[in-house]
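Undergrad: Taken in order, these protein sequences are the chains called A and B.
In this text, residue positions in the first sequence follow the working numbering: the first is 90, and each later residue adds one.
In this text, residue positions in the second sequence follow the working numbering: the first is 90, and each later residue adds one.
Careful: at least some of the hints might be erroneous.
One copy or any two copies: either way a pair holds, since identical chains are not told apart in the list.
Stated by the list, open to error - In silico PhoX-like cross-links for lysine-lysine, where the CA-CA straight-line distance does not exceed 25 angstroms:
1. K121 with K217
2. K229 with K265
3. K92 with K212
4. K265 with K212
5. K121 with K229
Derived from the structure by calculation, the hints contain no laboratory data.
Because the structure is a prediction, the values reported are computed rather than measured.
Number of protein chains: 2
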Amino acid sequence: MKKLTLLLATTALLLAQTPSETIQFGADGQPKFPKDYRQWIYLSSGMDMSYGPAAQANPEQSKFDNVFVNPTSYRAFVNTGHWPDKTAFVLEVRAAASHGSINKSGHYQNELLGFDVEVRDDKRFPQKWAFFNFEPGKDKGTAQPATSSCNTCHKQNGAVDNTFVQFYPTLAEIAKAKGTFTAH
Amino acid sequence: MKKLTLLLATTALLLAQTPSETIQFGADGQPKFPKDYRQWIYLSSGMDMSYGPAAQANPEQSKFDNVFVNPTSYRAFVNTGHWPDKTAFVLEVRAAASHGSINKSGHYQNELLGFDVEVRDDKRFPQKWAFFNFEPGKDKGTAQPATSSCNTCHKQNGAVDNTFVQFYPTLAEIAKAKGTFTAH
Chain A
90 MKKLTLLLAT TALLLAQTPS ETIQFGADGQ PKFPKDYRQW IYLSSGMDMS YGPAAQANPE
150 QSKFDNVFVN PTSYRAFVNT GHWPDKTAFV LEVRAAASHG SINKSGHYQN ELLGFDVEVR
210 DDKRFPQKWA FFNFEPGKDK GTAQPATSSC NTCHKQNGAV DNTFVQFYPT LAEIAKAKGT
270 FTAH
Chain B
90 MKKLTLLLAT TALLLAQTPS ETIQFGADGQ PKFPKDYRQW IYLSSGMDMS YGPAAQANPE
150 QSKFDNVFVN PTSYRAFVNT GHWPDKTAFV LEVRAAASHG SINKSGHYQN ELLGFDVEVR
210 DDKRFPQKWA FFNFEPGKDK GTAQPATSSC NTCHKQNGAV DNTFVQFYPT LAEIAKAKGT
270 FTAH
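The following block holds chain A by itself, in its conformation from the complex:
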């Protein structure tokens, strides 16, 4: 009986420490913002990245983006080099600051500006992958149409399964070793 109690306590503790498995959809068919994404798996960050002509770059406000993926799908990717159904990415956008506290040059991350979310759901979306934008603090996002530039650019240029694994250095190594990486 003591052993069972310990087992129950261990399971309860582990469940309490386990972040949400992936994004949830409401009765309206729309995804709910995954509030605990900061406990998901971090993939990489960029600063002021731009896929367009350089003339469009050099923004007045420099920005960082941080990319997170749900833990279950991360572990599947490590094993297979592919993203399973129900994979969800959160791209968090933050202002870049330069002078603050003891920092004198370079950039550190500051206030939250917004989120882009990419979800794979094979039953829900004919194109499998869908994109949503969320404002900070909002549970409901804005769906991008299936023909959005996010969809077409990811489909055309994603190194693995509609995703920019070429910019996630630890995953790019895995995908190359598994033979699932397409160079773009």
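We have chain A already, so just place chain B on it with the hints.
TA: Okay, now just chain B, sitting in the frame of chain A:
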């Protein structure tokens, strides 16, 4: 009996998915590199941050740093605004690249350059917090002396408990709410 089997299976699955709790020390008293730190909790990234005179900045090779903390200590910080004994941080340093794949400006993360590790262990270190450097792929690191510039700068300028929470935006909010944040 079926319920017990299910409980055992759930516990085993959760344990398999749980990253290491914190850094381990070998029989030689030196910390072993925490190989699964990429499943720890991400705190923030900087690019070319420098605490010295600006003249020392503008490096030939731009670099990102990504900071991770062990999950148990992260959850303790969320509850209390302080870091408990056995807290460990991994600061991962990566080269910043600009032109690659479809990216035309700004910076994304590229090859791994090295690690700085900060550990709190009240029994092991008279100064509580200690710093180590690790090269990629090496299990053993190099200890910094208790009088190192890492120790003195963190002690003098860390917003919370010898750590630069002022540069971790989600934690800075928590520490300010809990009254544990000291502005520097």
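Undergrad: Under a CA distance limit of 25 angstroms, which applies to K92 and K212: within one copy, between copies, both, or neither?
TA: neither (42 angstroms within a copy, 32 angstroms between copies)
Undergrad: When no copy is specified for K121 and K229, does a C-alpha distance of 25 angstroms or less occur within a copy, between copies, both, or neither?
TA: within (6 angstroms within a copy, 43 angstroms between copies)
Undergrad: At most 25 angstroms between alpha carbons: which applies to K121 and K217, within, between, both or neither?
TA: So K121 and K217 pass the 25 angstroms test inside one copy only (18 angstroms; across, 42 angstroms).
Undergrad: Since the copies are identical, ignore which copy is meant and state whether K265 and K212 lie within 25 angstroms (CA to CA) inside a copy, between copies, both or neither.
TA: Result: close neither inside a copy nor across copies, 29 angstroms intra and 44 angstroms inter.
Undergrad: At most 25 angstroms between CA atoms: does that hold for K229 and K265 within a copy, between copies, both, or neither?
TA: neither (36 angstroms within a copy, 28 angstroms between copies)
Violated hints for the displayed structure, listed by number in ascending order: 2, 3, 4.
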